[in-house]
Amino acid sequence: MENNSEITIQTLQSQIEKLEKKVTKLEKNRKDQLSMAIVSGDMDKILAAMIISLAAAAMDTKVKLFFSFWALSALRDPKKHPKGKDFISKMFGMMLPSGKDKLKLSNMNMAGMGPMMIKILMKKKNVLSLGEMFEQAGQLGIEITICEMSMDLMGFKKEEFIDYPHLRYAGAATFVADAGESAFQLFI
Amino acid sequence: MTTEELKNVKSNLVVDARGTACPGPLLAAKKAIADIESGEIMEILSADEGTKNDIPRWCEKVGHEYLGCFDEDSFSRLFLVKE
Chain A
1 MENNSEITIQ TLQSQIEKLE KKVTKLEKNR KDQLSMAIVS GDMDKILAAM IISLAAAAMD
61 TKVKLFFSFW ALSALRDPKK HPKGKDFISK MFGMMLPSGK DKLKLSNMNM AGMGPMMIKI
121 LMKKKNVLSL GEMFEQAGQL GIEITICEMS MDLMGFKKEE FIDYPHLRYA GAATFVADAG
181 ESAFQLFI
Chain B
1 MTTEELKNVK SNLVVDARGT ACPGPLLAAK KAIADIESGE IMEILSADEG TKNDIPRWCE
61 KVGHEYLGCF DEDSFSRLFL VKE
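These protein sequence lines map, in sequence, to chains A and B. If you count the first sequence from 1, position 98 lands on 98 in the working numbering, and the numbers rise without skipping. If you count the second sequence from 1, position 50 lands on 50 in the working numbering, and the numbers rise without skipping.
Hints should not be assumed to be uniformly reliable.
Said to hold, decoys possible - Facing chain B, a subset of chain A residues (Cβ under 10 Å, in silico): (1) N29; (2) D32; (3) A55; (4) A57; (5) M59; (6) T61; (7) M117; (8) I118; (9) M122; (10) N126; (11) V127; (12) L130; (13) E143.
Honestly, the hints are just simulated from the structure, not real lab data. Predicted, not measured: the structure shown is a model, and the values here were computed from it. Ideal Cβ positions, reconstructed from N, Cα and C, are used throughout, including at glycine.
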């Protein structure tokens, strides 16, 4: 009798050990984490990206945003004017929106009328502004990574981006590594 | 819980998130939940329709017990017990 129960305990123990190993492996594979590659610099798409990020962060999901190409405009600080840019970089800087309040709509932009109307509607309907969303994102620990390659390509300098508490600079491999361990990935 | 039962619930904390649209109420709830102890009841006031679906999903994921909600004239009251 005693012998029997000892054997049962032993089998249970080994089964538990196996399960524990499986669980750690699963946990490592799929973290409760959201990775987003944000390429678009359209106001509506940046809004969507930020709303999803905030909801995910509020639900205790770790959020990592990778900003690249046109999306970098959303991270520019209009008050900062870095020196030492070459001619083409200066031209690019002038042609691209100088920050999140100057982004265009992907549809119905109408030379700036569209974004103005959306902003009025957002205020009326109590939707957070992009500025408020970035502030909340900072408080919730949402990580923003700036793609260094596209930053260089478009002639942006580190000194012209917003002051954000969890800002870092990296390359595509960082996104790939982050995305690989995330439970879900989005491309915007 | 039925509406009648919910009306008699004594909340430990009421979070008024009527002034914000999605995902504002969820953000307000997430912040406020830190101010109460496990087992205490939080009540969220929201004028955002989507929140009535979002808060139960949040509870489900994070582990709080969602009690239910009922509508007032222009907003809803949602109740949950902290994990």
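Hints versus structure:
no.: 1; hint: N29; in the structure: 19 Å, violated
no.: 2; hint: D32; in the structure: 9 Å, holds
no.: 3; hint: A55; in the structure: 4 Å, holds
no.: 4; hint: A57; in the structure: 8 Å, holds
no.: 5; hint: M59; in the structure: 5 Å, holds
no.: 6; hint: T61; in the structure: 8 Å, holds
no.: 7; hint: M117; in the structure: 17 Å, violated
no.: 8; hint: I118; in the structure: 13 Å, violated
no.: 9; hint: M122; in the structure: 8 Å, holds
no.: 10; hint: N126; in the structure: 5 Å, holds
no.: 11; hint: V127; in the structure: 5 Å, holds
no.: 12; hint: L130; in the structure: 14 Å, violated
no.: 13; hint: E143; in the structure: 17 Å, violated
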